[in-house]
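Asks: What follows is the residue order along each chain.
Number of protein chains: 2
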Amino acid sequence: MTTPDVPFGSCPLPHSNASSIMLGHGGGGTLTQSLIETVFLPAFANSALSARHDSAVLEVNGQRLAFTTDSYVVRPLFFPGGDIGKLAVTGTINDLAMAGARPLYLSAGFIIEEGFAKSDLAKIVASMQAAATEAGVQIVTGDTKVVDKGKGDGVFINTAGIGVIETPLTIAPGSARAGDAIILSGDIGRHGIAIMAVREGLEFESTIESDCASLHAPVAALLRAGVDVHCLRDLTRGGLASALNEIAQAAAVGVEITEREIPVDTQVRGACEILGLDPLYVANEGRFVAFVAAGDAERAVKILRGEPVSFDARMIGQTVTGTAQVVLRTAIGGNRVVDMLSGEQLPRIC
Amino acid sequence: MTTPDVPFGSCPLPHSNASSIMLGHGGGGTLTQSLIETVFLPAFANSALSARHDSAVLEVNGQRLAFTTDSYVVRPLFFPGGDIGKLAVTGTINDLAMAGARPLYLSAGFIIEEGFAKSDLAKIVASMQAAATEAGVQIVTGDTKVVDKGKGDGVFINTAGIGVIETPLTIAPGSARAGDAIILSGDIGRHGIAIMAVREGLEFESTIESDCASLHAPVAALLRAGVDVHCLRDLTRGGLASALNEIAQAAAVGVEITEREIPVDTQVRGACEILGLDPLYVANEGRFVAFVAAGDAERAVKILRGEPVSFDARMIGQTVTGTAQVVLRTAIGGNRVVDMLSGEQLPRIC
Chain Z
1 MTTPDVPFGS CPLPHSNASS IMLGHGGGGT LTQSLIETVF LPAFANSALS
51 ARHDSAVLEV NGQRLAFTTD SYVVRPLFFP GGDIGKLAVT GTINDLAMAG
101 ARPLYLSAGF IIEEGFAKSD LAKIVASMQA AATEAGVQIV TGDTKVVDKG
151 KGDGVFINTA GIGVIETPLT IAPGSARAGD AIILSGDIGR HGIAIMAVRE
201 GLEFESTIES DCASLHAPVA ALLRAGVDVH CLRDLTRGGL ASALNEIAQA
251 AAVGVEITER EIPVDTQVRG ACEILGLDPL YVANEGRFVA FVAAGDAERA
301 VKILRGEPVS FDARMIGQTV TGTAQVVLRT AIGGNRVVDM LSGEQLPRIC
Chain F
1 MTTPDVPFGS CPLPHSNASS IMLGHGGGGT LTQSLIETVF LPAFANSALS
51 ARHDSAVLEV NGQRLAFTTD SYVVRPLFFP GGDIGKLAVT GTINDLAMAG
101 ARPLYLSAGF IIEEGFAKSD LAKIVASMQA AATEAGVQIV TGDTKVVDKG
151 KGDGVFINTA GIGVIETPLT IAPGSARAGD AIILSGDIGR HGIAIMAVRE
201 GLEFESTIES DCASLHAPVA ALLRAGVDVH CLRDLTRGGL ASALNEIAQA
251 AAVGVEITER EIPVDTQVRG ACEILGLDPL YVANEGRFVA FVAAGDAERA
301 VKILRGEPVS FDARMIGQTV TGTAQVVLRT AIGGNRVVDM LSGEQLPRIC
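Heads up: the sequence lines are chains Z and F, in that order.
So that you can map any letter, position 83 of the first sequence is 83 in this note's numbering, and since no number is skipped, the others follow by simple counting.
So that you can map any letter, position 152 of the second sequence is 152 in this note's numbering, and since no number is skipped, the others follow by simple counting.
These are computed hints drawn from the structure, not numbers from a lab.
Treat the hints with care, since some could be wrong.
Remember, identical chains collapse to one label, so a pair may be satisfied in a single copy or spanning two.
With a cut-off of at most 25 Å between alpha-carbon atoms, the simulated DSS-like pairs for lysine-lysine come out as follows [said to hold, decoys possible]:
(1) Lys149 with Lys123
(2) Lys151 with Lys118
(3) Lys151 with Lys123
(4) Lys302 with Lys151
All chains should be built: construct the whole structure from the sequences, respecting the hints.
Replies: Below is the structure:
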């Protein structure tokens with residue numbers, strides 16, 4: 001049976017015509033989509049933005065470049081497996097990688113609340129540099145603003161990034177096509193649960209660490225091997241479910257995935273149960289899906305398993321002709337339509 | 001007589017070794033410099049960042065690109081002559097133009113406080129698009145985050161920008177040399193005073209409007225005409241005084257300027273007197289200085305006067321060998337050393 005589903009742990013569908021901004025408008029789900037569609041896209045209309053890709057793909061004198069930006073407002077600033085600085089660097093590197101680009105340069109803009117400890121700022125900055133060095137990118141330009149106490153929250157960081165696209169492929173949500181294999185790079189839910197566990201004071205046998213990591217290496221490995229990659233997407237706000245829904249809609253294909261094939265760590269699963277969350281909607285910061293030509297699927301999985309950050313990669317499903325929706329084959333053998341996240345599940349997760 | 005001078009209206013020199021961030025660290029003066037030198041530069045060490053330019057100048061497969069970022073936290077969000085949206089677009093366009101680049105693409109990252117009116121967001125976004133269209137640039141990628149009520153202040157906007165450098169010149173602070181003519185593009189102090197007047201509830205015969213505007217056109221005109229441009233700098237946080245000090249230090253030249261040649265609107269001057277501010281330190285958002293070869297000075301002034309945004313351009317001084325400092329020949333005939341802004345004069349001006 002195929003029935004629409006409201007993701008666990010999300011609020012009832014909020015009134016999306018509200019006249020003021022709600023937390024959910026930043027959640028990466030349907031409210032964010034509605035804000036993009038009603039406010040940003042009509043004003044900024046241009047083809048690069050309308051592609052709704054993780055990065056804009058631009059041509060500058062015959063050279064294809066990827067360009068992307070993200071602001072980071074995660075709370076707490078330091079969490080198991082990372083901090084806002086590492087997140088700000090790896091997140092933007094990942095958006096570039098998802099366009100098939102080799103990340104080259106980052107900018108860093110800081111909005112600091114008056115009274116923030118300089119030693120914490122130094123720790124965050126060191127963490128940014130470590131992540132940049134590990135990925136071979138340079139932070140080449142920056143900006144600092146300070147706001148009055150009570151008008152910010154420690155520090156917010158924006159990073160923008162430039163990468164160069166050297167593959168002839170057009171890797172984009174709209175390039176997925178019926179018959180593609182869908183490969184997931186590893187287990188899901190770690191980042192969101194790591195953050196929530198700190199916020200809620202949950203304790204586990206061992207600490208759940210965020211999966212926060214750069215994904216340029218597995219992407220480069222796929223492209224180097226000539227795998228026919230159609231679409232890449234990292235599984236940030238809104239999780240696996242929202243990413244797959246966005247791609248299904250952009251490419252006008254159906255997505256079928258098998259629950260049994262989607263790895264979730266036992267502790268992460270336990271925490272999700274306690275918190276009433278569905279791991280399919282929980283944010284990751286070091287996981288992605290690759291839509292590749294079916295004939296390349298096995299080879300792609302093998303290549304991904306050769307990279308530390310995607311050692312647990314596996315095929316979780318395929319695309320089909322028909323309705324642009326995501327259908328999950330559940331562990332007990334039923335089918336369930338998996339919607340996009342509605343409203344906000346985990347505020348300020350990145 | 002040449003004596004060091006503390007800018008009017010700034011606090012006594014703050015203790016720059018303080019362990020927490022103060023508003024002044026975002027002011028664009030000595031505290032900002034100290035934060036850059038002690039926290040950011042040591043961590044992010046690379047040649048593009050060390051150039052301390054408005055934009056980083058990068059080479060991507062033989063193509064010179066400029067890349068820059070700024071976050072905007074101005075208060076109030078709407079002010080005479082502009083709003084945070086216009087400011088966010090023109091400010092980043094100007095940073096690209098100051099590297100001699102033709103601005104092409106912008107990103108936009110929004111950090112919105114829960115409860116912010118959607119209608120205000122729509123106004124700001126429309127204003128961004130209008131400024132982008134006017135300058136021929138596209139906003140191609142974006143991001144939205146929402147923070148809890150009381151953890152932000154309406155909306156903060158980050159823009160990053162990419163431009164292409166088509167001139168063979170190396171336009172940078174370090175390229176100024178002794179004997180250069182210094183040209184100022186128009187009257188100073190409008191932006192800072194427009195903001196302060198709203199905040200302090202000052203009323204004038206006619207409203208003082210911010211000079212907020214894109215500066216790509218006058219820069220393109222100079223380059224098209226083949227003027228030997230050594231350095232360009234827009235006069236934002238810290239004003240004319242701080243910009244000239246930065247260039248003097250970067251190029252290891254002395255700067256001599258003549259007070260009589262620096263245009264200040266009568267109402268702006270009056271407001272500065274009331275507020276205890278020195279117009280030399282007040283932020284502008286549509287003014288710049290050009291350091292050009294002396295032989296090209298007259299021609300450069302003429303070209304700038306042909307562009308609406310710089311119709312009042314004039315030569316205000318020259319560079320000399322000797323100490324890297326800025327000396328003002330005052331209206332009454334004395335000499336005064338003009339230091340960099342210390343601390344914060346006008347918080348959250350941009």
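Asks: Look at each hint and say if it fits the structure.
Replies: Evaluation of the provided hints:
1. Lys149 with Lys123: within (21 Å within a copy, 27 Å between copies)
2. Lys151 with Lys118: both (18 Å within a copy, 19 Å between copies)
3. Lys151 with Lys123: both (22 Å within a copy, 22 Å between copies)
4. Lys302 with Lys151: Neither, since 49 Å and 45 Å both go past 25 Å.
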